[in-house]
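K.L.:
Sequence:
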Amino acid sequence: MTTGESAERIPAPLRTEALEQLLTERGLVDPRALDKIITTYETNVGPLNGAKVVAKAWTDPEYRRWLLNDGTAAIKELGFIGTQTEHIVVVENTATTHHVVVCTLCSCYPWQVLGLPPSWYKDPAYRARVVKEPRKVLSEMGLELADDVQITVHDSSSEVRWLVLPERPAGTEGLSEDQLVPLITRDAMVGVARIEAP
215 MTTGESAERI PAPLRTEALE QLLTERGLVD PRALDKIITT YETNVGPLNG
265 AKVVAKAWTD PEYRRWLLND GTAAIKELGF IGTQTEHIVV VENTATTHHV
315 VVCTLCSCYP WQVLGLPPSW YKDPAYRARV VKEPRKVLSE MGLELADDVQ
365 ITVHDSSSEV RWLVLPERPA GTEGLSEDQL VPLITRDAMV GVARIEAP
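Everything in the sequence shown is counted per the numbering used here, starting at 215 for the first residue and increasing by one.
Since the hints were derived computationally from the structure, they do not count as laboratory data. Since this is a predicted model, take the numbers as computed values, not measurements. For every residue, glycine included, the Cβ atom is placed at its ideal position computed from N, Cα and C. Do not take every clue at face value.
[To be verified] For lysine-lysine, the following DSSO-like pairs were computed, each having C-alpha atoms within a straight-line distance of at most 27 Å: (1) Lys-250 with Lys-266; (2) Lys-266 with Lys-290; (3) Lys-290 with Lys-270; (4) Lys-346 with Lys-290; (5) Lys-250 with Lys-336.
[Unchecked claim] Distance ranges between label pairs, derived from CB positions: (6) Glu-306 with Asp-244: 39 to 47 Å; (7) Glu-358 with Leu-292: 30 to 38 Å; (8) Pro-332 with Lys-290: 18 to 26 Å; (9) Ala-339 with Leu-248: 30 to 38 Å; (10) Thr-230 with Thr-308: 18 to 26 Å; (11) Arg-240 with Glu-387: 14 to 22 Å; (12) Leu-359 with Asp-337: 16 to 24 Å; (13) Glu-306 with Gly-356: 44 to 52 Å; (14) Thr-366 with Glu-276: 22 to 30 Å.
Construct the entire structure; sequences and hints are all you get.
P.N.:
What follows is the structure, given as structure tokens:
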């Protein structure tokens, strides 16, 4: 058994903890700085921010119009603009139109509203295939769309990041913003999933 093979059998959280301890002992990492980074990505940056944007758009028609007209300004109003989100365009999924986001060159992604990009988003296969055969890729990811639904693929870049405003599911009309937030997923805001009613 090689060292690499034995390391693969150790669960990732334990390997991460061991690496953190080693770096801390050698004075290469300040644990307080590391905790701050972790807190930032767990609470201050991530899909929860995007979910708050979507929930507000679902419950406030004026904000929804603003978001679709000037995503950057509307999102900035909620305090979620920063690195990787200097310019965001928001597109809306409906019963007849579906939007999906990709970055064909690398993995440009609106971190402030979606958190760190998932591994599949950075995968060369996704980046190449979703442009050529979006319906098939979405189906493989578990999202079946009717043949009459028009699919538009948006290519994020260093100049423009895209965010999908998912279609609000039926049966959620009586829910408040706070009640809607937990229903909204990162994948739906990228366009590879739908939001399901509770």
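K.L.:
Does each hint fit the structure? Answer for all of them.
P.N.:
Here is what the structure says about each hint:
no. : hint                             : in the structure
1   : Lys-250 with Lys-266             : 22 Å, holds
2   : Lys-266 with Lys-290             : 12 Å, holds
3   : Lys-290 with Lys-270             : 13 Å, holds
4   : Lys-346 with Lys-290             : 33 Å, violated
5   : Lys-250 with Lys-336             : 25 Å, holds
6   : Glu-306 with Asp-244: 39 to 47 Å : 43 Å, holds
7   : Glu-358 with Leu-292: 30 to 38 Å : 32 Å, holds
8   : Pro-332 with Lys-290: 18 to 26 Å : 25 Å, holds
9   : Ala-339 with Leu-248: 30 to 38 Å : 33 Å, holds
10  : Thr-230 with Thr-308: 18 to 26 Å : 41 Å, violated
11  : Arg-240 with Glu-387: 14 to 22 Å : 56 Å, violated
12  : Leu-359 with Asp-337: 16 to 24 Å : 21 Å, holds
13  : Glu-306 with Gly-356: 44 to 52 Å : 21 Å, violated
14  : Thr-366 with Glu-276: 22 to 30 Å : 25 Å, holds
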